[in-house]
Amino acid sequence: MMKRKISIILISTLLLTIFSLFALEAQPEYWTALNYDIYVNNDGTVLVTAKFHPFTVTGESLYKNSTVEKELKEGEQTMITEILLMFSKKPEKLKYKIISHLHSDDRYSVLCDIRNTGKMDKMQGAYVLQILIYLNSSDFISHIKNNIYKVKIRDSYTSQNPNSWIDVLNVTFSKDIKIEKVEWEPDFAHGPTNKTKNSFLWINFNQPEAPDFYVFEIELKNFKIVTLANITGKIIDAFLNKNYVYVKVHNNSSYNGYLYVRIVTDYLNQTRKIYVGAEKSATVSIPLPVNSSTIIIELWSDSKKVDTKIFKLREKELPSPLGLSYKDVSLYLAIAGAIIVIISLFLKEKEKREYNIQEYGYYSYPYH
Amino acid sequence: MNFKVFIIGIILLAASILTLTYGKDILPENINRKEKPLPKLPTHINIQFSNITYRVYGKFILKNNEKIPLKDFVYVTIPRNTTYQSTKVIYIKPKPSRIQIDEDGNVFAVVEISADPGEKKQINVEFLVKVSGYKIIYNPSESYWPDIDMVRELTTKTNFWNTENSTLISLAYKVGKGDTPLEISKNIAKWMVKHVNYHVYFGRSGSDHSIVRMGLDYYVTGDCVEVADTFVTLARIRGIPARTVFGIYLTEHTTKQWLNYSTLREEGENILDHWGGHMWSQVYLPPWGWVDVELLEYMKPKVGDFTNYHIVYGIEETKYYGTLLTSTCLPSYLDLEYVELEFKPEG
Numbered sequence: 047m048m049k050r051k052i053s054i055i056l057i058s059t060l061l062l063t064i065f066s067l068f069a070l071e072a073q074p075e076y077w078t079a080l081n082y083d084i085y086v087n088n089d090g091t092v093l094v095t096a097k098f099h100p101f102t103v104t105g106e107s108l109y110k111n112s113t114v115e116k117e118l119k120e121g122e123q124t125m126i127t128e129i130l131l132m133f134s135k136k137p138e139k140l141k142y143k144i145i146s147h148l149h150s151d152d153r154y155s156v157l158c159d160i161r162n163t164g165k166m167d168k169m170q171g172a173y174v175l176q177i178l179i180y181l182n183s184s185d186f187i188s189h190i191k192n193n194i195y196k197v198k199i200r201d202s203y204t205s206q207n208p209n210s211w212i213d214v215l216n217v218t219f220s221k222d223i224k225i226e227k228v229e230w231e232p233d234f235a236h237g238p239t240n241k242t243k244n245s246f247l248w249i250n251f252n253q254p255e256a257p258d259f260y261v262f263e264i265e266l267k268n269f270k271i272v273t274l275a276n277i278t279g280k281i282i283d284a285f286l287n288k289n290y291v292y293v294k295v296h297n298n299s300s301y302n303g304y305l306y307v308r309i310v311t312d313y314l315n316q317t318r319k320i321y322v323g324a325e326k327s328a329t330v331s332i333p334l335p336v337n338s339s340t341i342i343i344e345l346w347s348d349s350k351k352v353d354t355k356i357f358k359l360r361e362k363e364l365p366s367p368l369g370l371s372y373k374d375v376s377l378y379l380a381i382a383g384a385i386i387v388i389i390s391l392f393l394k395e396k397e398k399r400e401y402n403i404q405e406y407g408y409y410s411y412p413y414h
Numbered sequence: 196m197n198f199k200v201f202i203i204g205i206i207l208l209a210a211s212i213l214t215l216t217y218g219k220d221i222l223p224e225n226i227n228r229k230e231k232p233l234p235k236l237p238t239h240i241n242i243q244f245s246n247i248t249y250r251v252y253g254k255f256i257l258k259n260n261e262k263i264p265l266k267d268f269v270y271v272t273i274p275r276n277t278t279y280q281s282t283k284v285i286y287i288k289p290k291p292s293r294i295q296i297d298e299d300g301n302v303f304a305v306v307e308i309s310a311d312p313g314e315k316k317q318i319n320v321e322f323l324v325k326v327s328g329y330k331i332i333y334n335p336s337e338s339y340w341p342d343i344d345m346v347r348e349l350t351t352k353t354n355f356w357n358t359e360n361s362t363l364i365s366l367a368y369k370v371g372k373g374d375t376p377l378e379i380s381k382n383i384a385k386w387m388v389k390h391v392n393y394h395v396y397f398g399r400s401g402s403d404h405s406i407v408r409m410g411l412d413y414y415v416t417g418d419c420v421e422v423a424d425t426f427v428t429l430a431r432i433r434g435i436p437a438r439t440v441f442g443i444y445l446t447e448h449t450t451k452q453w454l455n456y457s458t459l460r461e462e463g464e465n466i467l468d469h470w471g472g473h474m475w476s477q478v479y480l481p482p483w484g485w486v487d488v489e490l491l492e493y494m495k496p497k498v499g500d501f502t503n504y505h506i507v508y509g510i511e512e513t514k515y516y517g518t519l520l521t522s523t524c525l526p527s528y529l530d531l532e533y534v535e536l537e538f539k540p541e542g
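So the sequence lines, in the order shown, correspond to chains A and B.
One gets the working numbering by counting positions in the first sequence from 1 and adding 46 to each.
One gets the working numbering by counting positions in the second sequence from 1 and adding 195 to each.
Derived contacts from chain A toward chain B, CB cut-off under 10 Å, selection only:
| id | residue |
| --- | --- |
| 1 | T104 |
| 2 | K136 |
| 3 | P335 |
| 4 | Y378 |
Derived SDA-like pairs: lysine to any residue, alpha-carbon spacing no greater than 20 Å straight-line:
| id | chain 1 | residue 1 | chain 2 | residue 2 |
| --- | --- | --- | --- | --- |
| 5 | A | K351 | B | E348 |
| 6 | B | K352 | A | E138 |
| 7 | B | K372 | A | G323 |
| 8 | A | K288 | B | G373 |
| 9 | A | K288 | B | S336 |
| 10 | A | K139 | B | N360 |
| 11 | A | K139 | B | D344 |
| 12 | B | K262 | A | E106 |
| 13 | B | K199 | A | I386 |
| 14 | A | K326 | B | N360 |
| 15 | A | K136 | B | E348 |
| 16 | B | K266 | A | T102 |
| 17 | B | K262 | A | T102 |
| 18 | B | K372 | A | N287 |
| 19 | B | K288 | B | N319 |
| 20 | A | K355 | B | D342 |
| 21 | A | K136 | B | N357 |
| 22 | A | K288 | B | E378 |
| 23 | B | K199 | A | I389 |
| 24 | B | K199 | A | I381 |
| 25 | A | K139 | B | E348 |
| 26 | A | K288 | B | P335 |
| 27 | B | K262 | B | P312 |
| 28 | A | K221 | A | L93 |
| 29 | B | K352 | A | D348 |
| 30 | B | K352 | A | N276 |
| 31 | B | K283 | B | K539 |
| 32 | B | K352 | A | G323 |
| 33 | B | K372 | A | G303 |
| 34 | B | K330 | B | F244 |
| 35 | B | K315 | B | D530 |
Covered stretches of chain A, as calculated for chain B (at least 3 residues, CB under 8 Å):
| id | region |
| --- | --- |
| 36 | 160–167 |
| 37 | 249–261 |
| 38 | 287–301 |
| 39 | 313–319 |
Honestly, the hints are just simulated from the structure, not real lab data.
Glycine residues also receive a C-beta, built at the ideal position from the N, C-alpha and C atoms.
Isolated chain B (complex conformation) (with noise of 0.2 Å):
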């Protein structure tokens, strides 16, 4: 007897049991390996909240740089009223003439300004804004995918969410497998947390450029809005709705940021001692709507774990070229010298 031949005879016999009895657990490629949990619709939400509310004063000093005198509309952009957060303007200081709102809903007030040559203006403002911190309890049975309408028209490519990039669409189906938004959303968050090559960058490079193969693997080369462009669009190749939302993250309840537009330079990436503007992603996870993903706080993937510390100021959904409504202060002929932004909690 060849007793090689005769081990190789009996571990396909083995392996024939095996398959019959584990065989199930063997799926295609495109479908979970894993166990999953049985669906079914919700009975009720749980959702740990930690609610605060801050008095925000903002100050914005204006100036005329030109030659003649500059008669100028000067946008501030107010923070949104989100499921989380509600905003209340105390004051607008010079009164606007008009509060709009732009396609993706955001919010900003229109301020007339007119200044002689080299002549300083200010904006003030002060606002009332509760934030809910949360943490949702999920039940992973739960998740299910929204409609046809919401999927089309929120997993689509923008100029900065490419979704017919095939590295990222290779990438989005490696990492972020399941059969779920939430499981996906998940599985996407804990790859990127993993891969962050964190620098400052001054503009925004999309998620086509912020992916940089380093060795044998991916990384996400940037700051918060490359992660948080990254993100979307992997979790849109997936079709998740994702989007960005702009704002201010805080290191303290208590906090002042501030920025001086003509020490910028000097101070380069130190800034960060001094100014949160922040930038994270949203994806929309039925049955619990939009579900905030931080990726960034402690460097862990917290997908509706989401801290007070946030502040949103608007969210980037529809729009091809994303907004300039990301600067809280945004003038056209004057320029922006000097941003003051300070948090009190209330009580």
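Okay, chain A solo, but in the shape it has when bound (with noise of 0.2 Å):
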């Protein structure tokens, strides 16, 4: 039903269970009831309206309150990754448009159980943030088959707090999105409240009644999940070196990032995770516990795969500091020692002629 906002923070330390009563002294303590309007776009496209009504322990409205009020356009951007790990694990990965950020409007009203009492109050007025989730990036959307699609809605507030959740959510398709299927975890929570062809309302009184997931399956006409990689990449070269894999990948991308390099045997597959600079190349090692000439190697961006190659291992000796092997390395600095040596042999006269110039002009140090 609400977020406990200002009074609970975790304790660090060795002081794990203590709610930090230094943080509260300045503050007013504060619930925040959330409500939640989602409108699913037949395109895969998400509108998320969000509603927030501060109030106290003793349900006195916050609404207008100027210390909350800037302390919540202050965590605007919390409230915007919240709002992202509805729809996703990974904020960072969600392609999201901000429609209106966080502003006051009375039009709106709030519904909340301030006192746990199994009563919705409704609170005139509410902090308003509106924003657009391109779900083909979302994480928390897969493929059934043809058109269908299962999407998961997260109560991004009881993952992190198992006493936060949302009050109120309306999920609403487009008329000419077909829903397949309707689905809450866990299932001992409640269903919608009410429901009509193309709309859910959730009104949940507590937590153990709120779903932590919201999930439905739903037909999505000229709809693809998209493979989001920040960079791509490609892998150079691998080769064995007393039963370690080298190998060699590049960053095609002007971007610095993360790649994956994964071996495939039929015994065991491993990854390496391996962060290359723009445009650069890296080289890893990855131990290899079994006898196979042959492997298949991947480079993965994100989720994205960006190449394979299947290599026949051969025993290489690693690449030597300039890029060249040992033998070569050794070869020109023999060649160049012997030129100094020689070269050496032909400076003995100049280098006395030198030192006499010295000698006698301006060079007495030696002698005194």
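Need the complex rebuilt from these two chains, each delivered in its own frame; the hints are there to steer you.
Structure follows, in structure tokens:
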């Protein structure tokens, strides 16, 4: 139903269960009622309208309270992340657009069972935040068959804190979206209070009643899940040295980022993550505790496979820091050494003359 | 003959011979420079155990400080079952309306409490917790990397583990050298115990704010939470699945720990004398599985060397903002006044 905003602060250290009294003193302790309207468009975008109403434990509204309003506005980015976490475990990977920043709107009202009495109180006015989510970039959507997709909406507040939950969630689908199935998790939570052909309204009086996940199977035509990858790359080379596979990869993109090098063998698959600079190459080593002359090497960026190569592994010396083979480096050093030794023989006379000039002219230090 | 130039030539010739002989040890920066043991699939895993069973008695006193009667849901965290720990709930009074499990598999009881203004209510629990302290006798050549699903899922960024922070990335590559997850984890742990600037921090700063440059080097500033968060971040940057564990650390097998919330402010860091709430890290190291990393016990880098003084309450693994189940008792409207946990070894 509501979120205890200020009073709960994780305690650290060896103080695990302490609620930080220190942070409480200067601020009023308040709660926030959380009401959500979610509209799913047929193009796979979702308009989220979040409505917040702060109040004290005795039920006194703090809407338009200047201190609380300032704090809510300062915390807008956290609110946005919490909304993104309703649609993804990785908010930074989810594509979204802010439609309207947090603002007060007297026209809206918000429902909340303020005193946990089993009765919803209506509070006039709300702080409203509107965000458009692109479902095709969400990891909470999965393809079932044909044009049928499963969409999960998480109560991100409960996920973080068991005594927080969404009070009211109203999910409406565009009229041309066919709804195949509606579920919720855990199954002991309540189902929708009201439902129509294309909308489902949950009114959650308390946390145990409120679902942790709202799950829909819907038909979305012309929709495709995209596997976004921030960086692209390719496999340059792979070779074997003392039962370790060395894989050289290149980051083709103009961003620094992580690539995943995966080796696939009959007995064991392993993956090593590596940070590669933009337009740069890097080499990783992966132990190969099985005899395998041929291995498949995959290169992944996020959840997208960007390159695959099959290598017949050959034993090879590890590269030297100069990118040359050790034999080459040794040869060059030998040539350079020999040349310098020969030159040193011819420098004999010249050196002596210079020394004499110093001796007689202006360099007298050795003799004093 | 110019003797100096002649010597330079001789040095180069000698370097040529040395390169030909020992050149394989001179590797690019991102490849381990040390001679590696040859990898092999494990035949058996060697672990030494030290088992103990604790009877745990918990008392939580809650108070209604409001002027109206309150009906509240109170969440009580139950010590978690793990590979090295199992918990049996003897009782929870009042009887919980539900036992729930969160997304990371943490277990908690939901207890309904009603209290009139000024009234105090008490929740009592008794658990039987079997704990296996353990020490893994590693064969380093048996360490290998997990597969992609686990690496991708459990090495990502969260609010407290910022794997995109360029300073932490540089640091992770500098201090966490190695070819296997075991080697890298040990190297990060070794570096961290030498670079802890410990002080109790009332909050959670996350790895971004825990790493502080002091002089020519970086230090982890904070308490066990900051140390655990930083270790997890560095390990995740290096591609090792990592997570934090929260629970209680006992100074003795038989002990009573307590917290009085009304005197917290005056006590400050002195609460460490009677309270052992703790957080540490775990890394996933095939073939050994999830391995505990304790960096503050005797200030030694203990990777898979885990004493039975640790009681695991829960794990933070996938949640972006972590979890507030780190509190052993979490009321909503009521105020928690006092917590007492008594640990008595069985037998």
